[in-house]
Structure formats: structure tokens, C-alpha cells
Amino acid sequence: MITPKFTCSQTESSVIVSIYCPSIRAADVEIHIDETLATIHVNPYFLRLNFSKPLVEDNDSAAKYDPSSGYLIVTLTKEYRGERFEDLDLLAKLLVPRRTANVTPTIEVLTSEDAGLENLDEVNGLVEQTENLTVNDDELVKAAENDWQLTQNLSEESGPQLQTSPQAQYGFLDLHSGYLRHAAHTENEINELGTDAEVCTSVERSARRVAHENEKFDEEHYIADFMDDYEIQEMMEWPQPHVGDAGPFEYRESENLVIMTLPRREYLPTPVQTHNLYLVLITLLFSYTYDTRITQHEPTSESPWTICNLTPAFSALDPPRSSSYQSGPHKFTSEEVKETFIPSYRRSLAFPLYRSFALAEKCRHDVGWLLKRGRRTITRCLLEMKHILDHHDVYYIYSKIWVDDFCVWIQSDAHDEILEQLGEVILTTEMRKMSIGWDLKELEDLALESPGGPSDSDDESSNEN
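Position in the sequence shown (from 1) plus 674 gives the number in the numbering used here.
Mixed in with the good hints there might be a few duds.
[Claimed, not checked] Here are the simulated lysine-lysine pairs, DSBU-like style, with alpha carbons at most 35 Å apart:
#1 Lys738 <-> Lys679
#2 Lys1005 <-> Lys1046
#3 Lys1074 <-> Lys1115
#4 Lys1074 <-> Lys679
[To be verified] Simulated DEER-style distance windows between Cβ atoms:
#5 Ser692 <-> Ser1109: 15 to 25 Å
#6 His715 <-> Pro943: 43 to 53 Å
#7 Tyr904 <-> Leu931: 32 to 42 Å
#8 Pro943 <-> Asp1119: 37 to 47 Å
#9 Gly744 <-> Lys1005: 17 to 27 Å
#10 Glu760 <-> Ser692: 17 to 27 Å
#11 Glu940 <-> Tyr904: 28 to 38 Å
#12 Gln1000 <-> Glu940: 18 to 28 Å
#13 Thr974 <-> Gly744: 31 to 41 Å
#14 Pro718 <-> Pro915: 32 to 42 Å
#15 Gln1000 <-> Leu931: 39 to 49 Å
#16 Ala700 <-> Gln947: 44 to 54 Å
#17 Thr969 <-> Asn733: 53 to 63 Å
#18 Tyr904 <-> Glu760: 15 to 25 Å
These are computed hints drawn from the structure, not numbers from a lab. Just so it is clear, CB atoms sit at the ideal spot from N, CA and C, and this is done for glycine as well.
With these hints in hand, go ahead and build the complete structure from the sequences.
Below you can see the structure in the form of C-alpha cells.
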């Protein structure tokens, strides 16, 4: 079945779905409503939408086809007139399957005292039968096979998980593997794990990433950019368009077409996994804003390389993980924000052409403001990143294992309130040069004291410790 191009709007009493499905038989249209779930089928097109509020089938529901334009206009009646349906422009969220409620069985444990003395023999008999059960008993196996809704929780403090397979998982929520199996033969220049990418543990990935950053940091390059920063200052003064645009947001048709091609998965992360996803998002946006600034929003052939090199989750399969997460509502601290940004700062000072702490600071502020703009703006940035990576012969795999899933998750599961709080913490967090690990302040002081004198740089962060 083909998922057609569609848009949604609403009136006081209805939700209107406009579906582009040329050359169909209008008489064959089938519409089914199941509370919040609407299914529309007309051969060869199939559309299943999961709305935030319930719908009903009544005489006001209708479908009208215009053969000249190829659009099928479906009118669905709201169960409660005047109720506002949220996020009708977030197509990825509408396409996500409806979640099944977790059914946790309620079990009452009876002791021999509860049963009474007159039933003691019966209770003891049941206990004896239970103890004699084995995993081969047909009844037990049947019960286990059908008990798929039981909630299974792993302790967040249980330490590293047992590695039962040499195949390592990576990418969004560790859902992926195998993409880097032939990395040695694909000219993947940003892969820092080499042929071990499919087997490295998270600890090994972090160690290799740090070692590679230390190896690539060039003191002379850093000093040169610090002393002669005319171009960097121009990049820093360039206004980020997604931050400055205060008009009403509306997805472009080209963006909606890409959203339609995204995977339709239901993500069920644990609270700590969800917390970490917000931190990974920081690093993706940092790489995006860096490339956006140095190209002034006109990506070049070097943009895929730049974005991938600056993203630890891509180059070393090493996404940030919170070391101070507390269960409960997602609240972010300056300390974990600093820990998240340090690898991104280090990479921006070790790999690309322009290596400036002040430029990294500007990118951090861009990230903070983008997060405060909410899910829609962030999705637009991620779609632009996806477009850049998808058109590269090798680096498109990082779009598949990270960006695609992030585009869906941002629309379906992220919350604007959390994004805004995270953005505020980022904007008020102070990043210090001494935390980067390369004695940046000493290098700058030596450069300023050298013959020739200081440049006329207005690097306002040069006096930081």
C-alpha cells in the first residue's frame, strides 16, 4: 500500500484531511473511525492517522473527490464540538501507531493464615504442585507465551549490561547495528572506530574519541585562528535565520514530503533514555549551527564532513549520557549541560578549518535559542541536516541511524516545555576554557605576548579562565 501525501486542518466541529491520490475510483473509498484512530483506504492508497482527541462516524462525515486536482477531501466529525485537536501539522506524530495501554496484572498473595485452617491442606497442595512445575510443562509455557503485556523493568543502577553478543548496538536508542560492517571499504573518513565499530563497547568508544581529539588538536592552528579572526568574527555576526524568524510557523510542502518518508515507529524509551535523547539533541544542533554559521546557511560539499566530525554520536558512536539523572520530571542542570558540550567544543577546536572558542560559544547560544523555539523549528533544522547527509555517498548512514528517528521522536514525543527549559539552562551555563583540557588560556596568553603584538580581535571570551 502507498501512503499518500496529505495535510490536516480543522473547523469547530470537524477535522479535514486533504489527501492527494490521483486516478482513483471515488466509490471505493473506505473510512473507519475507532475513537482517536482514523483509517482511510482507497486502492492503492492507505492512510492511518492517530489523532489527539476522539472522532465519531455520523451523517456529517463525508469524503469528496476532485478528479481534476487529484485530491480527496475527507471530513471527520469531532466527538465533542469546539474541542481543539493539537499538532495537526506534525505529520510524523499523526502517523505514529496508537500506543497500546500497559496492562499490569493485579495479584493478591494469600498466606495460609488468610486461607484459614480448614483450607490449609488445599493451600499446601497447590504450593506443592507449583514447586513441581518445570519450564517444560505445557500449561506454564502457554501462559508465558501469552503474558506479553507484563511490565519488565531493568534497574537503572544495575551497572553495565551483560554483553551476550559480539555485535554492538548503536544509533538512536541503540536500535541499529550492521551499518558500519564494511566501513573500511567505503572511505568513511569520519569513523574513528575503524573495523571495530560493530564490536566496541561504550567505554571503548569514549576512550578512542578522546584519544583521537587529543591527537588532532593543533596548538599552532588554534593560535593562528585566535590572532587572525577576521573571518570568524564575520561568521559570528551573521544572524541565524531560524532564531530571528518570529512569524507564524508553517511547514513547507517539501518538508512534509520528507516527513512522510520517515520511519513509523513507536518509541518506548525509559525515563533515563528519554533524558539522554534531549542531551544527544544538543550535540546534533551544535554541529548543525556550526556548519550553518561557517557557510551562512548555504551548505557546501564539505558540510557533511563537518557535521559528522563535530558530532560524537556519529564519528565515535559516542552519544552523551547523563551522569547525574534523577528520576522524576526532566530537569537539566548546568553541570550535565557542560559535560554534554565539552566533546562538541573539543571537536570544533580539533577538526574543522575554523577553530575558535568564541565561535563555539556562539554556536552554543544558537542551540539554546533554537530549543526555546520548540519542536517545529528543531524539526526544520533536523530536516536540513538530513538533506545534507542524505546526499552524501557515505555519510547518509548517520541520517538513517540517528537523524531519521530524531525527526519522528521530536514531533511525536518531545515536549516544548522541556525543550524551553533545556534551552534556558544552555543560555545561562558558563563554559570555561580550562574545562576543555588543552590549556587554551595559556596558549592565548603566549600568543598575545609574542613579538608582533595582539590583533584587533574583539574576542570577548579571551580573558576567561
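A quick look at each hint next to the structure:
1. Under the criterion of a C-alpha separation no larger than 35 Å, the hint pairing Lys738 with Lys679 is consistent with the structure, at around 16 Å.
2. Between Lys1005 and Lys1046, the direct Cα distance comes to roughly 15 Å. Compliance with the 35 Å bound is thereby established for this hinted pair.
3. Restraint check for Lys1074 and Lys1115: the C-alpha separation of about 39 Å exceeds 35 Å, so the hint is violated.
4. Note on Lys1074 and Lys679: the hinted pairing holds, with a Cα-Cα distance of about 22 Å set against a maximum of 35 Å.
5. Restraint check, Ser692 to Ser1109: a C-beta distance of roughly 52 Å breaks the suggested window 15 to 25 Å.
6. Checked against the given bound of 43 to 53 Å, the beta carbons of His715 and Pro943, roughly 32 Å apart, lie outside it.
7. For Tyr904 paired with Leu931, a C-beta distance near 41 Å keeps the hint of 32 to 42 Å intact.
8. For the hinted restraint 37 to 47 Å between Pro943 and Asp1119, the CB-CB distance of approximately 45 Å keeps it satisfied.
9. At roughly 49 Å, the beta-carbon separation of Gly744 and Lys1005 lies outside the given 17 to 27 Å, and the hint is violated.
10. A beta carbon spacing of about 19 Å between Glu760 and Ser692 agrees with the range 17 to 27 Å that was offered as a hint.
11. At roughly 51 Å, the beta-carbon separation of Glu940 and Tyr904 lies outside the given 28 to 38 Å, and the hint is violated.
12. For the pair Gln1000 and Glu940, the beta carbons lie near 26 Å from each other, so the given range of 18 to 28 Å is met.
13. Between Thr974 and Gly744 the C-beta distance comes to about 38 Å, which sits within the given range of 31 to 41 Å.
14. For Pro718 paired with Pro915, a C-beta distance near 39 Å keeps the hint of 32 to 42 Å intact.
15. Between Gln1000 and Leu931 the CB atoms are about 41 Å apart, so this pair conforms to the stated range of 39 to 49 Å.
16. A hinted range of 44 to 54 Å holds for the C-beta pair Ala700 and Gln947, which are about 45 Å apart.
17. For the pair Thr969 and Asn733, the supplied restraint of 53 to 63 Å holds, since their beta-carbon distance comes to about 56 Å.
18. Between Tyr904 and Glu760 the beta carbons are some 48 Å apart, a value that contradicts the proposed interval 15 to 25 Å.
Going through the hint list in order, the structure does not satisfy hints 3, 5, 6, 9, 11 and 18.
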